[in-house]
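Peer 1: The lines below spell out each chain.
2 protein chains.
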Amino acid sequence: MTRLYHWSFDPAGRLVRLCLGEKGIAFESVDSAPWSPHPDVSRLAPGAVAPALVQEGPAGHIIAIGTRAICEYLEEATDGDHLLPLHPGDRAEARRLWAWVEAGFEQVTDNLLTERVMQWVRRDREPNSEKLRRGAHALRGRLTFLNAMVERNGFAAGRQLSLADLAAAAHLSAVDYFGDVEWRAVPDLKEWYARIKSRPSFRPLLADRLEAVRPSPHYANLDF
Amino acid sequence: MTRLYHWSFDPAGRLVRLCLGEKGIAFESVDSAPWSPHPDVSRLAPGAVAPALVQEGPAGHIIAIGTRAICEYLEEATDGDHLLPLHPGDRAEARRLWAWVEAGFEQVTDNLLTERVMQWVRRDREPNSEKLRRGAHALRGRLTFLNAMVERNGFAAGRQLSLADLAAAAHLSAVDYFGDVEWRAVPDLKEWYARIKSRPSFRPLLADRLEAVRPSPHYANLDF
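Residue numbers (this note's numbering), protein chains in the order written: chain A, 675 to 898; chain B, 675 to 898.
The reader is advised that the hints may include incorrect statements.
Unchecked claim - One side only, chain B facing chain A, incomplete, derived with CB under 10 Å: (1) Ala719; (2) Gly731; (3) Ile739; (4) Gly740; (5) Thr741; (6) Arg742; (7) Arg765; (8) Pro889; (9) Pro891.
If you're looking for bench data, these hints aren't it; they were derived computationally from the structure.
Ideal placement from N, C-alpha and C gives every residue a C-beta, glycine not left out.
Could you put together the complete structure from these sequences and hints?
Peer 2: Printed below as a string of structure tokens:
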């Protein structure tokens, strides 16, 4: 039994869902939004926040919290395709870019994505246009860098899909719901995203909906 | 041959040095400060910043950049004592707390440590007291949490030294140089730090000096 506490539009939860999907691991999904965490989560460990994975498996009762702990655990302890390359130097590059994505998208999440989501949570609230502007600016910088990496390598960190790609796609997919990604400016990255999007692991994310907020027209379109 | 590009008071570089020390790996140290990076570093990979490790070993020429890539590489590919526990659930908890330290100390580094260091780099500059105050407040929160973890577990993430401890000690040691850690408020953490500090891997850090800035009286004192 595998259970995942997460919120559908949280990029960290999205990365874990992609990772579970790529590994072919079925799981029970339990909603835990940042503004209203599931009460189980704080009981799992001091200071725990979603995404949190609980698994009863051959190694016993496993609790893994946060993208780093969960994805490394799934990579080490479960079967299925590798999401880190096998050569040590290539693994290091994949982990560098995975870490780069998580640190680099913080400004995008804290400003752009959070603002869009809070606008949905509290519908009477005016959006903070300064935050939206700052988040959009941060996003453009990340897109340019990722586009260059994908143009050079095929995937973010090499010729093979890795956790760096899934982390980037998790972040981009969340802001793409709101139409915030200017795909035309980054043609190589757009082509890469079309490839990632068409993977079976991506389907559940493309089916996510926020009540009363329509996704951007191309959100779930594989041929956008 | 192992070469590390780093800056002595950067907590990320300190974690890598501790990790190399615990693994018993000798290395050539090359200075690369955040405000004046070594020209080699940007040539290692697009967007690369210190700490960066270059190693010629049995697996060929390895480049690993950033704490996550470097420490996981050293853990996977080199001999020496393990810095992550062997049981999958314990590994997950160590990685959660390692990630917690790196994310949680960002505010401390960006405000308190950077302000102290910039004060040293540009000596004519007035310190920004608002930043110092904000950083000190963030540090107190982190100290309280770490103290509770250490009181409960012995080490940060369990009964065994792990990368979570080394990451926390790397951050605390840098701000401790400037006397910013109120050890009296966190007796269990103080006892833990005395244990970590007395490890041979810690000696090089305790010998670091900033020209014309004396360390706090207890900085290098094992029995403080």
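Peer 1: Going back to the hint list, which numbers does this structure go against?
Peer 2: Of the numbered hints, 8, 9 do not hold.
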